[in-house]
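Asks: Could you build all of it, start to finish, from the sequences and the hints given here?
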Amino acid sequence: MNNAKTKSDTDGEQYLKDSFQREQELLESKLLFANQNITHNGERGEVNEKHFIEYLRSHLPKRYSVDSAIVVDSNGKTSNQIDIVVYDNQYTPTLFAQQDFCYVPAEAVYAVIEVKPEVNRDYIEYAQKQAYSVEALERTSIEITHAGGVYKPKPLFKIITGLIALKTGWQEGLASNSFKDAIQMPYTNQTRLDFVTSLQGGHFDCFEKGNEHYSQQNHLTFFLFRLLSQLQSLGTVPAVDWNKYANVLTEQSKPD
Numbered sequence: 001m002n003n004a005k006t007k008s009d010t011d012g013e014q015y016l017k018d019s020f021q022r023e024q025e026l027l028e029s030k031l032l033f034a035n036q037n038i039t040h041n042g043e044r045g046e047v048n049e050k051h052f053i054e055y056l057r058s059h060l061p062k063r064y065s066v067d068s069a070i071v072v073d074s075n076g077k078t079s080n081q082i083d084i085v086v087y088d089n090q091y092t093p094t095l096f097a098q099q100d101f102c103y104v105p106a107e108a109v110y111a112v113i114e115v116k117p118e119v120n121r122d123y124i125e126y127a128q129k130q131a132y133s134v135e136a137l138e139r140t141s142i143e144i145t146h147a148g149g150v151y152k153p154k155p156l157f158k159i160i161t162g163l164i165a166l167k168t169g170w171q172e173g174l175a176s177n178s179f180k181d182a183i184q185m186p187y188t189n190q191t192r193l194d195f196v197t198s199l200q201g202g203h204f205d206c207f208e209k210g211n212e213h214y215s216q217q218n219h220l221t222f223f224l225f226r227l228l229s230q231l232q233s234l235g236t237v238p239a240v241d242w243n244k245y246a247n248v249l250t251e252q253s254k255p256d
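Under full-length UniProt numbering, the first residue of the sequence shown carries the number 1, and numbering increases by one thereafter.
Incorrect hints may have been included.
Claimed, not checked - Taking CB as the label site, the calculated pair distances span:
no., residue 1, residue 2, range
1, 243, 36, 30 to 40 angstroms
2, 80, 213, 36 to 46 angstroms
3, 236, 80, 50 to 60 angstroms
4, 188, 210, 13 to 23 angstroms
5, 190, 41, 27 to 37 angstroms
6, 126, 216, 23 to 33 angstroms
7, 147, 32, 28 to 38 angstroms
8, 242, 38, 35 to 45 angstroms
9, 249, 25, 49 to 59 angstroms
What the hints assert, rightly or not - The calculated DSSO-like cross-link candidates involving lysine-lysine, where the alpha carbons are at most 27 angstroms apart (straight line), are:
no., residue 1, residue 2
10, 167, 152
11, 180, 154
12, 180, 129
13, 167, 50
14, 244, 77
15, 30, 167
Think of the hints as simulated: they come from the structure by calculation, not from any bench. All C-beta atoms, glycine included, are put in the ideal place defined by N, C-alpha and C.
Replies: Structure, rendered in structure tokens:
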């Protein structure tokens with residue numbers, strides 16, 4: 001008899017835990033292979049980003065697109081290059097797309113995530129700065145016409161911000177006091193990462209104000225389900241005021 005089916009029938013919860021753990025181990029092996037065999041830091045980082053992008057694309061509902069991208073607003077301001085952007089592509093198009101590169105309108109963004117070799121204080125601060133480059137952009141929101149009338153402009157939600165890595169720089173992982181000190185020191189008064197995930201060191205998130213969550217095992221899957229829950233709570237992105245973008249084309253350019 002199929003051993004997996006037997007395990008599912010006799011102890012379904014353990015079957016799920018083991019399956020999730022094996023999936024994490026599979027991703028870990030890919031990251032370790034890249035880290036140990038790719039000699040160029042930039043190429044290694046890009047490969048690891050693609051592994052995480054592939055994981056999210058295969059697990060998030062199709063309404064969420066996942067890419068490495070730059071975020072742009074209706075004033076032409078742009079973010080830094082972001083390792084992973086989770087965004088709406090159902091109601092919002094990307095801009096200036098070519099090959100594997102695109103600009104994502106700020107209104108379409110659900111989450112921005114940095115991928116690094118490990119979680120440490122420097123990378124936490126870097127991820128905060130990356131997040132702030134997106135949060136500082138202007139997002140529009142206009143009324144939506146429907147069969148029964150008009151919906152008011154959707155209030156802007158907080159964009160999810162995070163850092164994900166294979167390991168941590170602390171022996172105790174994300175349970176260490178050093179991590180807790182680092183995550184409490186935001187880059188600005190507005191920017192603090194919503195989550196940090198280390199496949200080998202744990203998961204932390206503070207999606208609900210005043211309520212912090214830490215995982216004890218299956219960190220990757222715990223991160224996924226917590227992210228899914230938070231995305232679910234956000235609903236849809238705001239309707240873009242495309243006239244605001246169009247106005248840029250009719251305004252007289254300012255002299256350099």
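Asks: Does each hint fit the structure? Answer for all of them.
Replies: Status of the hints after comparison with the structure:
Between residue 243 and residue 36 the C-beta distance comes to about 52 angstroms, which lies outside the given range of 30 to 40 angstroms. For residue 80 paired with residue 213, a C-beta distance near 28 angstroms fails the hint of 36 to 46 angstroms. The hint said 50 to 60 angstroms for the Cβ distance between residue 236 and residue 80, and at roughly 26 angstroms that hint is violated. At roughly 20 angstroms, the beta-carbon separation of residue 188 and residue 210 lies within the given 13 to 23 angstroms, and the hint holds.
Range check, residue 190 to residue 41: Cβ separation about 31 angstroms, and the 27 to 37 angstroms hint holds. In this structure the hint that residue 126 and residue 216 lie 23 to 33 angstroms apart at CB holds, the actual value being about 27 angstroms. The hint said 28 to 38 angstroms for the Cβ distance between residue 147 and residue 32, and at roughly 53 angstroms that hint is violated. At about 42 angstroms, the beta-carbon gap between residue 242 and residue 38 stays in the expected band of 35 to 45 angstroms.
About 51 angstroms separates the C-beta atoms of residue 249 and residue 25, a value consistent with the hinted range of 49 to 59 angstroms. Annotation: proposed proximity of residue 167 to residue 152 is violated, straight-line Cα distance about 44 angstroms (limit 27 angstroms). For the suggested pair residue 180 and residue 154, the alpha carbons sit about 34 angstroms apart, so the restraint of at most 27 angstroms is broken. Straight-line distance between C-alpha atoms of residue 180 and residue 129 comes to about 18 angstroms, which keeps the hinted pair within the 27 angstroms bound.
Proposed proximity of residue 167 and residue 50 is supported: the alpha carbons are some 17 angstroms apart, at most 27 angstroms. At most 27 angstroms may separate the alpha-carbon atoms for a hinted pair to count; residue 244 and residue 77 meet this at roughly 13 angstroms. Taken as a hint, the residue 30 and residue 167 pair is honoured in the structure, with Cα atoms around 14 angstroms apart against an allowance of 27 angstroms.
Hint check: violations occur at hints 1, 2, 3, 7, 10, 11; the rest are consistent with the structure.
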